[in-house]
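Participant: Dock chain B against chain A, hints included.
These are the residues of each chain, in order.
Protein chains: 2
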Amino acid sequence: MAHTEFPTKATHAQTRAHNASLVLRAVYDLGPISRAEIARLTGLTRTSVGELVGELEHDGLAREVGRGPSTGGKQPTLISLIDDARHVVTLDLGERTFTAALLDLRGEVRERISRDLDGTDGDAALALVYDLVDELLARPHEPILGIGVGAPGIVDGQGTIRWAVNLSWTDLPLGSLLHARYGYPTIVANDSRAAALATFLFDGDDRPANLVAIKVGRGIGAGLVLDGELFRGDGDGAGEIGHIVVEPDGAECHCGRFGCLETIASAPAILRAAAAAGLPEQTLPGLAAAAADGDETALAVSRAAGRALGTAVANLIGILDVRDIVLHGSVTVLGEPWFDAIRDEATRRSLGPLARETRIVDGGTGEDLTLLGACALLLTRELGLTVHR
Amino acid sequence: MAHTEFPTKATHAQTRAHNASLVLRAVYDLGPISRAEIARLTGLTRTSVGELVGELEHDGLAREVGRGPSTGGKQPTLISLIDDARHVVTLDLGERTFTAALLDLRGEVRERISRDLDGTDGDAALALVYDLVDELLARPHEPILGIGVGAPGIVDGQGTIRWAVNLSWTDLPLGSLLHARYGYPTIVANDSRAAALATFLFDGDDRPANLVAIKVGRGIGAGLVLDGELFRGDGDGAGEIGHIVVEPDGAECHCGRFGCLETIASAPAILRAAAAAGLPEQTLPGLAAAAADGDETALAVSRAAGRALGTAVANLIGILDVRDIVLHGSVTVLGEPWFDAIRDEATRRSLGPLARETRIVDGGTGEDLTLLGACALLLTRELGLTVHR
Chain A
1 MAHTEFPTKA
11 THAQTRAHNA
21 SLVLRAVYDL
31 GPISRAEIAR
41 LTGLTRTSVG
51 ELVGELEHDG
61 LAREVGRGPS
71 TGGKQPTLIS
81 LIDDARHVVT
91 LDLGERTFTA
101 ALLDLRGEVR
111 ERISRDLDGT
121 DGDAALALVY
131 DLVDELLARP
141 HEPILGIGVG
151 APGIVDGQGT
161 IRWAVNLSWT
171 DLPLGSLLHA
181 RYGYPTIVAN
191 DSRAAALATF
201 LFDGDDRPAN
211 LVAIKVGRGI
221 GAGLVLDGEL
231 FRGDGDGAGE
241 IGHIVVEPDG
251 AECHCGRFGC
261 LETIASAPAI
271 LRAAAAAGLP
281 EQTLPGLAAA
291 AADGDETALA
301 VSRAAGRALG
311 TAVANLIGIL
321 DVRDIVLHGS
331 VTVLGEPWFD
341 AIRDEATRRS
351 LGPLARETRI
361 VDGGTGEDLT
371 LLGACALLLT
381 RELGLTVHR
Chain B
1 MAHTEFPTKA
11 THAQTRAHNA
21 SLVLRAVYDL
31 GPISRAEIAR
41 LTGLTRTSVG
51 ELVGELEHDG
61 LAREVGRGPS
71 TGGKQPTLIS
81 LIDDARHVVT
91 LDLGERTFTA
101 ALLDLRGEVR
111 ERISRDLDGT
121 DGDAALALVY
131 DLVDELLARP
141 HEPILGIGVG
151 APGIVDGQGT
161 IRWAVNLSWT
171 DLPLGSLLHA
181 RYGYPTIVAN
191 DSRAAALATF
201 LFDGDDRPAN
211 LVAIKVGRGI
221 GAGLVLDGEL
231 FRGDGDGAGE
241 IGHIVVEPDG
251 AECHCGRFGC
261 LETIASAPAI
271 LRAAAAAGLP
281 EQTLPGLAAA
291 AADGDETALA
301 VSRAAGRALG
311 TAVANLIGIL
321 DVRDIVLHGS
331 VTVLGEPWFD
341 AIRDEATRRS
351 LGPLARETRI
361 VDGGTGEDLT
371 LLGACALLLT
381 RELGLTVHR
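So the protein sequences, as listed, match chains A and B. Just so it is clear: in the first sequence, position 219 is 219 by the working numbering, and no numbers are missing. Just so it is clear: in the second sequence, position 316 is 316 by the working numbering, and no numbers are missing.
Isolated chain A (complex conformation) (with noise of 0.2 angstroms):
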C-alpha cells in the first residue's frame, strides 16, 4: 500500500522557532529591511516581527541602520544583519596543505592559516586538524557558530569519514571528535559535494537547476547538485568518481584498484607522468609554464590528463544531462591545452545533442570553495539561511 500523508499542525513552539527564522531570512537576504516590509512578506503581524527583531539585536545579529524612504507616513527604520556578527571555523582538507579558516555570515574569509602535510596520514593528519583549529581559535574572534569541514572521502550524514583513501583515515568519527573537544555544532561534508554547493549558491539567480562542480588536485571528486539539492547517493558516495577504473591495466591505486582515474588524472599523476616523460617540472604552474612554451612533452602529458578526465566527463553528461560542469583546483593550472582536451574527448564519446549543450567552465584553483560550502552547510542547518553575498 502506498503511504499517503496528510498535513498536521504545528505545535506552538515549532511555529514561533519558524517564524524567528523566517524574520532572520529575511534580514538576511533582503537587509536593510523595515519592520513593516518583513511583517508584509512573512504574513506575520507588526508585533510578532518586532518581539522577533527584538531579540536578533538582543544576540547580536541585526541592528538598527537608519531610515528608508517614506510611504506615506514616517521613515521606517531599517534592519540589517551585522554580517560579522559570528564567525564559522571552516577546515579543507582535500589538499596536500590542510586549511583552516574563520569565515563570518556571508562567507567572508576573516582568518586563514594552512599547514603542509607532509607526507603524514592517519592519526599525524588528524593531530594537524587539531593543531589548526586550537590555533585558529587562539586568533581574536566573534562568537563561534560552529565548525564547518569539507573532508576528502566518503563522509557519512554524521560526519564520519568512512574512507579517505589519500589520508588512510577508515571510520574515523570526526565530527564527533571536533564537536567533543571544542564543543560547538560540526557538519563534516564531503569536500568536493561541499564545493559544488558553494560554486551553485555563488553562479546568481540565473543558476542552473543542475550542476556538477569536479574538484582535480590530489584527489578528484565530483559534487552533483540535481533539482538544486546537493545528491548524496545511497551510502555518501555520490561524485567519488576518482577511484572509477578507467585503465584496468594500470598503475596501483591507494585504494588497492589498478588504473583508477586518479591514477591518470590527478595532481600527484600528472607529476609522476611529467618525471616519466624525462620533464624537469616538478610543479603544475612549472609543466604549464613549459607547455605555454611549446614544449610538445609538456603539452602531451596535459593532454593525456584531460582526455581521461574527459572521458569521465562524458559519463556524466550520458548518465545525469547536466549541462553545467564546473573544473576546479590546482589541477586547473594546466590551463587551454587541459580544457581542450576535456572538451574534445567529452565531446566524442557523448551524444550529439546532449555535448552539444553542456558548457565546461573553468572554476579556477577554488581554494575558498570548500571552505565556503563548508560553512553554507553549517549556516542552512545552524540558521535557515542559504548563504550568499
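One or more of the hints may lead you astray.
[Unchecked claim] To give an idea of the chain B side of the interface with chain A (calculated C-beta under 10 angstroms), a few residues: (1) L117; (2) W163; (3) P208; (4) N210; (5) E229; (6) F231; (7) D234; (8) D236; (9) G239; (10) P248; (11) E252; (12) L316; (13) G318.
If you're looking for bench data, these hints aren't it; they were derived computationally from the structure. In this text the structure is predicted, and so the values were computed from the model without any measurement. For each residue, glycine too, the CB sits at the ideal point set by N, CA and C.
Facilitator: For chain B alone, coordinates are given in the frame of chain A:
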C-alpha cells in the same frame, strides 16, 4: 540576491480541487474506507467528505461496497474505488515490436495488441502507432482517461521526441499529434524512464530512495529515480547511456558515432557478434540455450556483452552511488553468464565500499514495465494518484 519565498493563501477553487484530490487519494490508497475515516485522515469536515464522495460516485469512480466494523455506533458504509472505471491507452515504442494496451486504474492490462515494425522507421513507424491506437480504441473499453506513451530516445517535457536514433525520429511532436488526433490528455516519456518509475512503484513499502533501472533490448537506456523522483536532466536526456562511447575505434552506431555502448551490448549487437563468431543461433533465447549447453563461443559472446555493460554500471555506481540497479529487457534472457560478467566488471571497476553494497537485480524481460510506467505518469498528472495495486 537569493530567492526568499513566502507562502501565499490558496484560492477557493484551488482548495476545493485539492480536497477532491485528497478524498480520491484516500479511496484509491486505503479503500474500502468509511467517510468518517476519510474525514479523520484528511482533516476535512464530514459534510465536505460526503459531497466529494458523492461526486466520485456520480463520476462512476467509486461506489459503496458494504459496511465496516462498528466503532461504537452503527456500522459505517465503506467506499471503494472502481478499478476498471477508466482506461488508459498506453504504448511501448521501445522495441522492434510496438505494443499498445488498455490499462485500468491499478495498471492491470485489460487489452493488448502488438505489431512488428518490420524494419520500418520514420513516418511508417508513426503510421503504425496510429494503427495500433485505432485498433485498440475499436475494442470495447471504459471511458478513456488519456494516452500514456513510452518512447525511446530523448523526449522533452512537452512530449516531443527530440531524437530517437533507432526510429529515425527527430523533433517529432508525438504528444501533440496524438492529442490532436484522439482528443485525450496525452503524456509521452522516455521508455526507460517510464519503466524505472514502474519498477520503483512496485518495489513495495521498503523501496529505496534511489533506483536505476536499465533497459537492455533493442536499445540501452536507464531511468534514474533519485530521492524518490524521476530525474530528467537539463535536456531530458538523463539515462541515455546507450550512446556513451566505450570503444572509440568500435563499430559505427546509428547515432553517427563509433563504439557506443549500444554497438556492443544491445540485442542487435549481440546477435551480430554471435553471427560473426560463426554461431547459428539467430535469437537471444537460442544463444542463451547454446550457452547453457556449454557452447564456449556462445558463453564468450554473452560474457563480452555483459562486461561492456558492467563498465557502464561501474560508472553509474561511481557517479551516483546508487545501490539498487535493476536490469530488464529482452537481453536479460542471457541469464547468469551475462549477469555474472556484469557484476564482475562492475565490481572490478568500482571503489570497494560502494561496489560491495550494490545489488544488481534481474528485472526480467519486463514487457509491461514501460506500459505501466506510462500509465502511472498519466494517473499522477490527471488524477494526482500514485499508482499501486
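Participant: Provide an ascending list of the numbers of those earlier hints which the structure does not satisfy.
Facilitator: 1, 11
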